[in-house]
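A.B. asks: One letter stands for each residue in the lines below.
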Amino acid sequence: MSLTAKDVAEILRLLEESSFDSLSLEINGMKLNLQRGSATRTQQVRELATAAAPVAAASPPARPKAKPPSEPGLADVPSPLLGVFYRAPKPGEPPFVQPGCKVEPETVIGIIEVMKLMNSVRAGVTGEVAEILAENGALVEYGEILLRVRPEA
Amino acid sequence: MSIRRILIANRGEIALRVIRTCRVLGIETVLAASEADLHSLPARFADRTLCIGPAHPSESYLKLDTIVQAALSAKADAIHPGYGFLSERAALARLCEEEGLIFIGPTSAQIDAVGDKLRARAEAETAGVPTAPGGAVETLGEAMLLGREIEPPLLIKAVGGGGGRGMKRVDRLEDLPAAMQLATAEAGAAFGDARVYLERFVACARHVEVQVLGDGNGGVIHLGERDCSVQRRYQKLIEETPAPTLSADFRTRIHQAAVQFAKRLQYRSAGTVEFLVDVDRGAFYFLEMNARIQVEHPVTEAVTGVDLVGEQIAIADGNGLRLMQENLHFDGCAIECRINAEDPARDFRPSPGVVSAAVWPSDEGVRVDTHIVSGSRVSPFYDSLLAKIIVQGPDRLAALKRMRQAIAETRIDGIATNLPFHAEVLADSEFATGGVDTSFLARFLERRLPLEA
Numbered sequence: 660m661s662l663t664a665k666d667v668a669e670i671l672r673l674l675e676e677s678s679f680d681s682l683s684l685e686i687n688g689m690k691l692n693l694q695r696g697s698a699t700r701t702q703q704v705r706e707l708a709t710a711a712a713p714v715a716a717a718s719p720p721a722r723p724k725a726k727p728p729s730e731p732g733l734a735d736v737p738s739p740l741l742g743v744f745y746r747a748p749k750p751g752e753p754p755f756v757q758p759g760c761k762v763e764p765e766t767v768i769g770i771i772e773v774m775k776l777m778n779s780v781r782a783g784v785t786g787e788v789a790e791i792l793a794e795n796g797a798l799v800e801y802g803e804i805l806l807r808v809r810p811e812a
Numbered sequence: 031m032s033i034r035r036i037l038i039a040n041r042g043e044i045a046l047r048v049i050r051t052c053r054v055l056g057i058e059t060v061l062a063a064s065e066a067d068l069h070s071l072p073a074r075f076a077d078r079t080l081c082i083g084p085a086h087p088s089e090s091y092l093k094l095d096t097i098v099q100a101a102l103s104a105k106a107d108a109i110h111p112g113y114g115f116l117s118e119r120a121a122l123a124r125l126c127e128e129e130g131l132i133f134i135g136p137t138s139a140q141i142d143a144v145g146d147k148l149r150a151r152a153e154a155e156t157a158g159v160p161t162a163p164g165g166a167v168e169t170l171g172e173a174m175l176l177g178r179e180i181e182p183p184l185l186i187k188a189v190g191g192g193g194g195r196g197m198k199r200v201d202r203l204e205d206l207p208a209a210m211q212l213a214t215a216e217a218g219a220a221f222g223d224a225r226v227y228l229e230r231f232v233a234c235a236r237h238v239e240v241q242v243l244g245d246g247n248g249g250v251i252h253l254g255e256r257d258c259s260v261q262r263r264y265q266k267l268i269e270e271t272p273a274p275t276l277s278a279d280f281r282t283r284i285h286q287a288a289v290q291f292a293k294r295l296q297y298r299s300a301g302t303v304e305f306l307v308d309v310d311r312g313a314f315y316f317l318e319m320n321a322r323i324q325v326e327h328p329v330t331e332a333v334t335g336v337d338l339v340g341e342q343i344a345i346a347d348g349n350g351l352r353l354m355q356e357n358l359h360f361d362g363c364a365i366e367c368r369i370n371a372e373d374p375a376r377d378f379r380p381s382p383g384v385v386s387a388a389v390w391p392s393d394e395g396v397r398v399d400t401h402i403v404s405g406s407r408v409s410p411f412y413d414s415l416l417a418k419i420i421v422q423g424p425d426r427l428a429a430l431k432r433m434r435q436a437i438a439e440t441r442i443d444g445i446a447t448n449l450p451f452h453a454e455v456l457a458d459s460e461f462a463t464g465g466v467d468t469s470f471l472a473r474f475l476e477r478r479l480p481l482e483a
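Just so you know, the sequences run in chain order A and B. Going by my numbering, the first residue of the first sequence is number 660, and it counts up by one from there. Going by my numbering, the first residue of the second sequence is number 31, and it counts up by one from there.
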């Protein structure tokens, strides 16, 4: 058996009426791949594929863990590097920022040490510090959220 | 001293390969992964994954300080560098030495010694290991003199090069001055080291390498040789052990040469001594030593039953060599095919994307080292190696049959791969006969082209 143009049209109509977004059909070495809406295609292929593979279906590790924001509309300040995060310029000194502090994009909000090299971290956004997530002296990963800022409207 | 936690500074199949051995040994694993690899199979299997930076290797896998900081902060005892990336960077070994971390590999001094190709050549000569006629040249006058002595065709090689990089072929002596000038400039730009040396170009050559393990105190054993002559532009495609058609005497001599070289360095860990086999002269010459675990190590594991990564860890942990040469047994033949995300129909152009479906072979005598499952993303930032399919059989013919079957059973959808190309090479009569030279694949490509048009 092989697929005719009429068959394909019929399959297309069935897909259109269904709740599915994609269809893969293989008959006698002939492959038909149908996809609804091209923008989300990649995502769908991935989901389909992971569903078919038990190993891949295991939940992926979370992106450097972060507690949910305490209020909506907050802007994340992610760590630009993996390293040890310090809130203050030196031990015993007051921290760079506290909740409630006003920050501008260039405001230094902390330091990340990578092999004794100190890297300043800047807020990158204008607003008011809403919450601080990263602990002083803790290892932070690249992309981990250090603090959240309530952006200035 | 006891290694309880290892930071793996690599990705892909080799990261998974190291994790597998750690699991068997009950060692915890911390994977240093780029943002692009946070959902990879190794990230799922590691006990902990740390995001070290963005996808681009220069901002993640090549950041030495970040890797060491990650290891220290995660309280790892040791770093396994895998292959590629920082594996042969003496600076990483040195930083580990300074920070009290165990580097699972050779000492920084040994990496330096073999990284400088001219120094490695000198070490080989001192160790009584044959090298190709040639040597260092500092001036054009010296180059002309030496060039006349060893006779063209010649190769100009960069001291900082290796693995086929930084080489220039010169067919006539009158072309030497211009080529020298170009090679020196290119070597300076590419390797930060403008020094070059001359070697005789061997027209018909095979690439045969010997796997060694050293305890760091002069104790060295070999685990046989691998033939990696099936190469395309110096990229190995198929490897096998034993190397076909070599006489027992030749084999013994090449093994001994590798052991002598590693002993001379008091080499520590797993390493590979590469030789060029001059087919017409029936001779072999020292090429270079790779101070790391190699991509093709599984063929050696397949015939010896030795877990090379396990031995690397044992040596790094101060347990020395647990194997004795006379107790090693070589069982049959093994072949490895490198499955790459590259399109043989388009001049082997890389083919990144999403693997919509992956089906791997699982017959007896077949091993697949891969990080690819259905749904895996092949990133354009990294090399195109998807998997290594390794087969073992009582003899070469049996292994070859197994490999043909294994390739036929493998299916990767969503991206282009070199699977069909492997099937063609494995069906070729010249390859089936065995003992092909390094220009075999180029010849094969030429004669198959008309068929495709």
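Note that these hints are calculated values from the structure, not bench results. Predicted model, so just to flag it, every value in this text is computed and none were measured. Quick reminder that beta carbons are idealized off the backbone N, C-alpha and C, glycines included. There's no promise every hint is true.
[As the list claims (entries may be wrong)] In silico PhoX-like pairs for lysine-lysine, Cα to Cα no more than 25 Å straight-line:
#	chain 1	residue 1	chain 2	residue 2
1	A	775	A	749
2	A	726	A	775
3	A	749	A	761
4	B	198	A	749
5	A	775	B	431
[What the hints assert, rightly or not] Partner residues aside, some chain A positions facing chain B, computed with beta carbon under 8 Å:
#	residue
6	730
7	733
8	742
9	755
10	767
11	770
12	773
13	776
14	777
A.B. asks: Indicate, hint by hint, whether the structure satisfies it.
C.D. replies: Consistency of the hints with the structure:
no., hint, verdict
1, 775(A) x 749(A), "holds (13 Å)"
2, 726(A) x 775(A), "violated (29 Å)"
3, 749(A) x 761(A), "holds (21 Å)"
4, 198(B) x 749(A), "violated (55 Å)"
5, 775(A) x 431(B), "violated (56 Å)"
6, 730, "violated (26 Å)"
7, 733, "violated (21 Å)"
8, 742, "holds (6 Å)"
9, 755, "violated (21 Å)"
10, 767, "violated (20 Å)"
11, 770, "violated (13 Å)"
12, 773, "holds (5 Å)"
13, 776, "holds (7 Å)"
14, 777, "violated (12 Å)"
Comparing the model with each earlier hint shows violations of hints 2, 4, 5, 6, 7, 9, 10, 11 and 14; every other hint is respected.
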